[in-house]
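Q: With the hints as extra help, turn the sequences into a complete structure.
In terms of the working numbering, the sequence shown opens at residue 1 and continues consecutively.
In case anyone wonders, no lab produced these hints; they're calculated from the structure. Here a beta-carbon is modelled for each residue, glycine too, at the ideal position from N, C-alpha and C.
The calculated label-pair distances, taken between Cβ atoms and stated as ranges, are: (1) T418 x W461: 42 to 48 Å; (2) L515 x G419: 35 to 41 Å; (3) D166 x A300: 45 to 51 Å; (4) G359 x E128: 54 to 60 Å; (5) A374 x P145: 39 to 45 Å; (6) I420 x D166: 20 to 26 Å.
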Amino acid sequence: MPLHHGKFVKLLRKFATRTCLGAGVIAAMGVAGWLEANPVYGQTFDSGVINIPIPDNDPAGISTIITAPAGTGLISDVDVLLNINHTFVGDLIFRITSPNGTSVNMLNLLSGGGDGEDLIGSYLFDDESLNTVPTSLGIVNPPIPPGDYQSEELLSAFDGEIADGDWTLFISDNAGADLGTLNFWQLILTASPTGGEIFGTAAQANVQNTNLQYRMLRDQVSTAFRDSQGGNGFAFTYPLEPGQEQTPMQLSRFNNEDLIVRGQCCTDSTYGMNGWVAGYGLGGQLEPKGGSGSLNYSAAGGQFGLHQYRGCDTMTGLFGGYNHQDVRVSTNNSSSDIDSGVLGGFIRHGCDQYLLLAGSLGYDDYETIRGTAAGDTEGIQGSLFLEGGRTRRLGRVDVTPNAALQYVGLYQNSFTETGIGATNVSGIGTHSLRSLIGVDVDTRQRQTDFGLVSFEASGHWMHEYLDTNSSVTTGVGGTNFISNGLDFGREWAIIGTGLRLQRSAQLSFFADYDLQINSRQEFHTASGGMLYQF
Numbered sequence: 001m002p003l004h005h006g007k008f009v010k011l012l013r014k015f016a017t018r019t020c021l022g023a024g025v026i027a028a029m030g031v032a033g034w035l036e037a038n039p040v041y042g043q044t045f046d047s048g049v050i051n052i053p054i055p056d057n058d059p060a061g062i063s064t065i066i067t068a069p070a071g072t073g074l075i076s077d078v079d080v081l082l083n084i085n086h087t088f089v090g091d092l093i094f095r096i097t098s099p100n101g102t103s104v105n106m107l108n109l110l111s112g113g114g115d116g117e118d119l120i121g122s123y124l125f126d127d128e129s130l131n132t133v134p135t136s137l138g139i140v141n142p143p144i145p146p147g148d149y150q151s152e153e154l155l156s157a158f159d160g161e162i163a164d165g166d167w168t169l170f171i172s173d174n175a176g177a178d179l180g181t182l183n184f185w186q187l188i189l190t191a192s193p194t195g196g197e198i199f200g201t202a203a204q205a206n207v208q209n210t211n212l213q214y215r216m217l218r219d220q221v222s223t224a225f226r227d228s229q230g231g232n233g234f235a236f237t238y239p240l241e242p243g244q245e246q247t248p249m250q251l252s253r254f255n256n257e258d259l260i261v262r263g264q265c266c267t268d269s270t271y272g273m274n275g276w277v278a279g280y281g282l283g284g285q286l287e288p289k290g291g292s293g294s295l296n297y298s299a300a301g302g303q304f305g306l307h308q309y310r311g312c313d314t315m316t317g318l319f320g321g322y323n324h325q326d327v328r329v330s331t332n333n334s335s336s337d338i339d340s341g342v343l344g345g346f347i348r349h350g351c352d353q354y355l356l357l358a359g360s361l362g363y364d365d366y367e368t369i370r371g372t373a374a375g376d377t378e379g380i381q382g383s384l385f386l387e388g389g390r391t392r393r394l395g396r397v398d399v400t401p402n403a404a405l406q407y408v409g410l411y412q413n414s415f416t417e418t419g420i421g422a423t424n425v426s427g428i429g430t431h432s433l434r435s436l437i438g439v440d441v442d443t444r445q446r447q448t449d450f451g452l453v454s455f456e457a458s459g460h461w462m463h464e465y466l467d468t469n470s471s472v473t474t475g476v477g478g479t480n481f482i483s484n485g486l487d488f489g490r491e492w493a494i495i496g497t498g499l500r501l502q503r504s505a506q507l508s509f510f511a512d513y514d515l516q517i518n519s520r521q522e523f524h525t526a527s528g529g530m531l532y533q534f
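A: Laid out in structure tokens, this is it:
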């Protein structure tokens, strides 16, 4: 059975602790920290050589402090190593106290009737050890073997606390006639900088989802507009009515095909309300970088649209949708479930040369799990999308170079988690401004037994001008931390393909696939739905 990466690091750290002293131990700890692939890491803080005598028969004992620096984070494991000499272990009390004031007795043989064995060397107190400090070895005053031993009280009492600050080791000799010295000690912490990556990561994931919503919108609007201009190949007939300012009829043919009759203008008199519905699923991942965690991401949802033609070359409409996103970050077993609803409007003007402007407002609900802590908050979002392009007909293919700008602003309300290691999380504001430049290629429709079929492909380059990650302030007990969400990168390639099947002048079906990729992330999207003209 393969050894889990985190456990391998801990075993390496313990091996170093048990086989090295002083600088050698510290060097081994540095290697262990470097091997970690995310911010949950083992850090060793060393007192240096102090050689403090332990006064005989003095309950006041000695105290010595090691300070964990700001940003050490939330504790998930504590071990303590003592290098000590003493001639009677039964006299001793070892106690460690955290910056939060929690105290744990690692050794208190007064309560257990300890024996007179010597302590000589390094002793690691570790909850995962299988060894207990012996109360009798059966020989007069043999030394207790250096090594790892269970703490009398569990060091897991510190789990979930903030590690930053002064850790105090207390040792006392509580009977006469024996002496000893504390040579040095080490505090070994496995901690994460609050595990706050998930909060900012959820915001960036939501930006990705809004980006997808606009990509679906522009595809459906483009298809509907193209069909309305006669690109579907159906022959439409309209009665001529007295008093009409325009005769909505014209003769048309494509590539020397037979002449057909189609509508010249998409006025209110020729078309009523039209619409589409679509569903989609998205999955992807983000690889670790520079000590950050990895991301697994999935989403599913739907989009609807209603539109109407305003003259020959203008379309207006509404769109909206609901989606659920599942964001999972490797750090501290963190995850966020996001439920979002959006509603917006759009206008497209122009035929072969066009502009599309759209905007939306949305509501978001975030449920976050971070180790043993959980939280729930709400948020809002607003966005704008502007695209321009020009279509060129090359044989039976339409080629449309285009460029777009997209702005997304998200805000998450502040909240307080519940559970062990709970933090106060500040409000989060995330802003994204992206440009897209690329080309769409659409084939003209071909007649099949199932209806008219067309294919499409696209390629775009997307650039982020603002936030590539989102920062959040978290706090515990008056101590605040800045945590950054995962960095999604600044440049992406987006490649898409699709299939359209038009069953009649009113009804068509579509299926699309998109790949969004850069050096760190890979998102796959599959979508499908129907478009209907009433």
